[in-house]
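A.B. asks: Residue strings, one per chain:
4 protein chains.
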Amino acid sequence: MAANIAILGASGYTGAELVRLIATHPGMRIAALTADRKAGQSMAQVFPHLRHLDLPTLSTIEQVDFSGIDLAFVALPHGLSQALVKGLPRDLKVVDLGADFRLSPEAYETWYGQPHAAPELQPEAVYGLTEFYRDRIKGARLVAGTGCNAATVQFALRPLIEGKLIDLDDIVCDLKNGVSGAGRSLKENMLFAERSEDVAGYSQGGKHRHLGEFDQEFSALAGRDVRIIFTPHLVPVNRGILASVYVKGDAQAVHAALAARYADEPFCIVLPFGELPAMAHVQGSNFVHLGVTGDRVTGRALVVSTLDNLNKGSSGQAVQNANLMLGLPETEGLMLAPVFP
Amino acid sequence: MAANIAILGASGYTGAELVRLIATHPGMRIAALTADRKAGQSMAQVFPHLRHLDLPTLSTIEQVDFSGIDLAFVALPHGLSQALVKGLPRDLKVVDLGADFRLSPEAYETWYGQPHAAPELQPEAVYGLTEFYRDRIKGARLVAGTGCNAATVQFALRPLIEGKLIDLDDIVCDLKNGVSGAGRSLKENMLFAERSEDVAGYSQGGKHRHLGEFDQEFSALAGRDVRIIFTPHLVPVNRGILASVYVKGDAQAVHAALAARYADEPFCIVLPFGELPAMAHVQGSNFVHLGVTGDRVTGRALVVSTLDNLNKGSSGQAVQNANLMLGLPETEGLMLAPVFP
Amino acid sequence: MAANIAILGASGYTGAELVRLIATHPGMRIAALTADRKAGQSMAQVFPHLRHLDLPTLSTIEQVDFSGIDLAFVALPHGLSQALVKGLPRDLKVVDLGADFRLSPEAYETWYGQPHAAPELQPEAVYGLTEFYRDRIKGARLVAGTGCNAATVQFALRPLIEGKLIDLDDIVCDLKNGVSGAGRSLKENMLFAERSEDVAGYSQGGKHRHLGEFDQEFSALAGRDVRIIFTPHLVPVNRGILASVYVKGDAQAVHAALAARYADEPFCIVLPFGELPAMAHVQGSNFVHLGVTGDRVTGRALVVSTLDNLNKGSSGQAVQNANLMLGLPETEGLMLAPVFP
Amino acid sequence: MAANIAILGASGYTGAELVRLIATHPGMRIAALTADRKAGQSMAQVFPHLRHLDLPTLSTIEQVDFSGIDLAFVALPHGLSQALVKGLPRDLKVVDLGADFRLSPEAYETWYGQPHAAPELQPEAVYGLTEFYRDRIKGARLVAGTGCNAATVQFALRPLIEGKLIDLDDIVCDLKNGVSGAGRSLKENMLFAERSEDVAGYSQGGKHRHLGEFDQEFSALAGRDVRIIFTPHLVPVNRGILASVYVKGDAQAVHAALAARYADEPFCIVLPFGELPAMAHVQGSNFVHLGVTGDRVTGRALVVSTLDNLNKGSSGQAVQNANLMLGLPETEGLMLAPVFP
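One line per chain: the protein sequences are A, B, C and D, in this order.
Using the working numbering, read the first sequence as starting at 51 and increasing by one per residue.
Using the working numbering, read the second sequence as starting at 51 and increasing by one per residue.
Using the working numbering, read the third sequence as starting at 51 and increasing by one per residue.
Using the working numbering, read the fourth sequence as starting at 51 and increasing by one per residue.
Because the hints were derived from the structure by calculation, they are not lab data.
Note that the coordinates shown come from a computational prediction; the quantities given were computed from them, not determined experimentally.
Keep in mind that a hint or two might mislead.
Identical copies go unnamed one by one, so any copy, or any two together, can satisfy a pair.
Heads up, simulated SDA-like pairs for lysine to any residue below, C-alpha to C-alpha not over 20 angstroms straight-line [what the hints assert, rightly or not]:
1) Lys-143 to Arg-184
2) Lys-237 to Val-96
3) Lys-136 to Asp-345
4) Lys-88 to Glu-238
5) Lys-237 to Arg-259
6) Lys-88 to Gln-172
7) Lys-237 to Glu-325
8) Lys-257 to Pro-322
9) Lys-298 to Ser-253
10) Lys-88 to Ser-253
11) Lys-143 to Gly-163
12) Lys-257 to Asp-345
13) Lys-298 to Arg-277
14) Lys-136 to Ile-111
15) Lys-237 to Gln-91
16) Lys-257 to Lys-298
17) Lys-136 to Phe-323
18) Lys-136 to Gly-324
19) Lys-143 to Glu-325
20) Lys-136 to Ser-154
21) Lys-298 to Asp-217
22) Lys-298 to Val-276
23) Lys-88 to Asp-104
24) Lys-88 to Glu-382
25) Lys-237 to His-128
26) Lys-298 to Thr-348
27) Lys-257 to Arg-346
28) Lys-88 to Pro-127
29) Lys-143 to Glu-380
The shape of chain A in the complex, shown without the other chains (with noise of 0.2 angstroms):
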C-alpha cells in the first residue's frame, strides 16, 4: 500500500517537481498539498501542467490532518521551516528541502543571520545527501535536504579529500546555474528580459550561504579546516548545474578515486577519464553525471559535475531519502530518463 505523503509549501518549483515524480512513484500518493497563500486554489491553477493528475486541493497547514500522513516534504523559503517542523507530531518522518536543517545552530546563525528557532530539533536532522549518509538517513525521522550547489560540488570533491588527493588549499570551484534554483518569487533580475541573453555571477567572493554546508562537510572530511573557493553564475536555462571544480592533484588518481567511489551507485555516472559531461544531459532526472581531465599543467585536474537542480539536488534527492526512510526501494520512482533535447 503506498505511503501517504504530505506535501508543504507546495505552490512552489521545488513542490511542483516532488508532485511530479510523485505522480509516477507506486510506492507514494498525495494526501495533502498545502501552500499558505493560495490554500484555496487547486494545483491546477498554480501549475497547469500538472492538471491531468487528481490531486487534493491546496490548503493551510492548519487544515492539514496529520494523523493519516506517512511523511511530509517540507518546502517553504528557508527560514519558515524551524518552527514548523517543531510543531509537526513527532512520529511524522519529514524531509526538509530547505536550508534549516542544514547547519548546526551557531553556523545557521553565521550564514543566515537569525537564531535558528528550533535548535533542539538539529541533533535529530540528518544532512540528506544519500550516497554519504544513506545508513543513517533509513532510520531517521527529520532528513534536511542538501543544497542544490552542495551536492552539486560534494559530488565531485567528498572523495578526493577523503581519499587525501588533493590540495586542500586550492580548490576552486566555478558554478554554472540554471534559473529555477531561485524559485518562482518575484525579482527583477529574475524576468525573462534580464535573464535570457545573459551570464552573471552572484554572491561571488565567498559570501554563498552554501559555503556553511561546505565548511562543515569537507572539514569533518579533512579533519581540518578546509575553505573552498566557490562562485556560482546564472545562465540561462530553466535546469541543471554545472560545477566545474579545479583542484591540484594527480588527474588521474583522481579519475579512479571517483570511478571508485560511485561504481555501484546508481544515480551516480562517472564518465571514462578525459570526458566531460553536459549539463543538457541530466535535466528532468535524479543523476549525476561526472568527469575528469587532466592539464598541460602538470598537477591539474578538472572535475566537472552535473545535475538538475530541481531534480537530483533537491525533489529528486528528497524524494530518494524518503524512499529510505520509508523502507522502499532507494530507486523507486526515480528512475525517470534524463529529457533530451
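Chains B, C and D: place on chain A using the hints.
C.D. replies: Just chains B, C and D now, with coordinates in the frame of chain A:
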C-alpha cells in the same frame, strides 16, 4: 513478460525519445537499436543523456535478428521507410513514425514528389491518430504515425468538422513549433545563433506537407473537400507545438463539442471555456491541452491545441499505438507528467 | 546645436532604449532623466549597459527645470501621462510613448476602464505612426506614440484597406511578441523560468487594448466599422513582434500595394513576392520588414510584418517623430543596422 | 572622404558584424565584399538583416580590384589568410580577424598543427589588442586581430602580470562563451536543440588554441614562462564572453591596478570594487566591463571581464585598429551603446 522492441533509426530525436519512454515502460524492453551511419557506436555516445541505461549497441538494420522482435518502431527520414518496411518479416508489428504510410500513394507522390515504393502496403497501414483510429490500430500490423503538426491541429478540428459546427471554408491555423521537430540534421537555419531570438514562418502559403494529411482526414470527415489555411512558425523552444485555430462558429458549442469528445480520453484535456493552454505545460509528456474562447466579433472562435512534438506528436503517440497493438493497457508507460519549468 | 531632451520615466525598457538611441544621435542631448521611485540613483545603477555614458542623475519630475528643455519623451505606464502632460509647459514639445493620447476620450475609457484626465489635450494629440501622419507630426506639440502591436499590424494593413484590396470582415492577425513588451515590472508569468521554453497567447478573444487603435484607424480608413480578429502570443525572445496577417484578396495585388506604398519609406522594406521576413532581422533597429505570399487556396494572402517592439514599435518611432517635430532629418540617429545574431 | 574598405570573407558572423559597424561609420565605405562559395549572391540573401543597405554584390577575391581599396578586413577561417594576405598588394592595409598572424611561426605550428604559409609576413604583423599595442598599430600594414577569448582574459590579466600583483603559477580562468563564437558553419553540437538549455565545456585541460596567445603575451610581460589554467564553456546566449579569473593576490591592489590602467581608455570600464559585470551589459558594443572582488579567503581575488565576442572580441576591435591605421579617431563608429534587453 515484456515485449521485445526494435528501434530502427535510433540516432534521431524521435529515436531518443522512444528510448526514454521505453526505459520506464514495464511492458517493453529494447532488443535492438539501429542507425546505419552510427552502427558500432553505443547509444551513450550518440545520446549521452541515456548513458545510465543498459542498451544494445547501435547496429545496421541488416544486423538485426528480427525473429525475437515483437514490434519495430521505424524512425527514419521520410522516403526511407517504404522499402525497408517492405523487407521486414510479415509477422512483425511495425509503427512507422515517418510520413511514408500516412497518405494514399497518389497523395504521397503529390506532397513528397516521388512515387511510393511500396504501394501494396498502403491498404493495411492504419493512420496513427490513436484517439480516432483506436479500434483499427488494435488489430493493425502497420501503423503510420501522424505528422506532429497534423496531430496538433486534428485534435482541435476533428470534432468540430464531424459535428458540423464550423464554416469549412474559413479555417485558419497558425502554428508555433519547437525546433526539435526539424530533427538533428545539419541545416544553417537550425543553428542556435540563427534560431535563438527569432520567430519565422516556413512552408507558408499552403506548401507544408502535413496539408496532405489535413486534406485527407478533414475531407473524409466532412464528406467534401476541405482546404485549411495553415502556417507553421519556428519559435525558439526545444519541444512543443501550439496551434491557434481560428474558426467561424459558435464558441460555446465548439467548446462543448471538444469537452464531450475528450471527456474519457486519458491524454486529451479540455480547459474550462475561456481558458487557453500554454506550450510549457505539456512538454515532456503525452498530453494534449485544448482550450476555446469566443471573440468580441460574434460567430468567431479561437481553438488552441498544444502538445509535445517529440512525445504526443511522435514517439509518445507511437508507444500509445504500440501498446494497443501488443495488447497492453493504452496508457502504460505514458503517464509521465510534463516537466515544468 | 543639439536639442535638449528630457526623458520622463527613464527606468523602464523604453526609457533605456531612448537613451541608447540618443547616445549616438547627433542632434539630441539628454538634459534630464526622471524616475520617481529611483530618483537619486544614477542611470548606470538602473541600467548598467549605459554606464559608459555621461548622463544626468535620475530625478523626480518635480525636480526638472523645463525651461531649457526642447522636447520631452514620456515613457510612463498608461494612465500616468495624462495629468502629467497637462502640467507641462505649453511650449514644450512632447512625445508620449504610452497609451494615454492614442484614442478619443470615449474609446480610452472603453479600453482602459477609466475616464481620461485630460480630454482637452486630445484634439491636439497627433497619432504617432510616422509614415502615415508625417505632415501633422511635423507641426505637432503632442504626439501619441502607437502601441507596438498596433504599429506592426498597421504597416501590413493600412495600404490594403485604403486600396480596398481585402475583405474587411475577414482579417485574422496572429502575433508573436517578444517579452520586453511587457516591461520591467514584476509579474510571475514574466519570470525567465515561466517564459523560457513557452509560447502562450494572452488577451485572446478581442480583449487586447490595442484593438482600440485598430478600430479607430481602420474604421477611419475604410469609412465603415472594421473589427479585426487579433491574438498576440508571447514567445521567448527579448525583442520583436512578428504579425502573421491572414486576408482575403489577391496576393499579387496586396504585394504590389505594399511595395508601392513603402517604396520611398526609409524604414519600411517590402521583400520580393513570396518571401517572408523573420523577427531576427530587425532586432535593435528602426526597420520594418514586410512580406506577402499567396496560398494554394485562391483569393487568400498572408502578409507578414515584423519590427522591434522597443525600437520601431516604441522608442525608435518616438525619436523619428521627435526628429520631425524638431526640424531634424527624419532618419537622424536611426540608421543603426539590426544586430544579428 | 571615406576610406574604401574591402571585407574578404563577408558571409560569416564577423563579416556581417563588420558591415553592421561600417554601415554607420562616417569614415569608411564598403567597396568590396567577398565570399567564395556565395559569390554572385547579394549580402541581403546571405544576411537579410542588412537588406536596407546598398552594398556591393558578393564576389570572389579574384574579382576584387584592389587598386581603389584603402584597407581590407580578412575574416576567413584560420589557415586561409596566410596565402591570401601574401598575395595582396603591398600597399594595402590589412586587418586579419583570424588566427594566422597572431603567433610566431613556431607557436602557430604547435597550436594549429600545420606549418605557416607566410612566415615572412610574421615580423611585420602587429598583435591587435589595441589598448596595449596602439602605437605599433598606428603604423602597421598588417594587424592580427586577437582571439575573442584571448582578448577577454588579457584585459583582466595584463595589468596584474605587469604590476607583479598576482601569483603567476595559480591563475584559473573559467570562461562562459556565447554561441556565435563558433561561427556559421554546420556542426551538430551547434544546433539550437543541442545548445539551448545546455552548458558544457570544451577544449578543456589546456587544449584551447587561444592558449598560444596567452603563453606568448603573458610570458613576454612576465619575463618568464606563464601557463594559465583555462576552460571555456558554451552557454546558450548568442553574443558575449564572460571570464571569471581566479587569482592569488591582494584584491584591492588588483582593483586599483585595473582602475588605473583603464582610466583613460574609452572602451574599458572598471566597476567599483566589489561590483562584478554581467554579459548582457556589453552585447552589441565595443565595450569591456571589468570588476574585482576579494574573497573570505584572504589573498584571493576574482576578476571578471566581459565583452561581446563578435564586436570588441573581433569586428569592433578590427574597426578600432583600422581607425588607427587610417588616421581616423580611434573611437569613430564604435560608440554604439550596448543593446539591452
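A.B. asks: If you test the structure against every hint from before, which numbers come out violated?
C.D. replies: 3, 6, 10, 11, 17, 18, 19, 24
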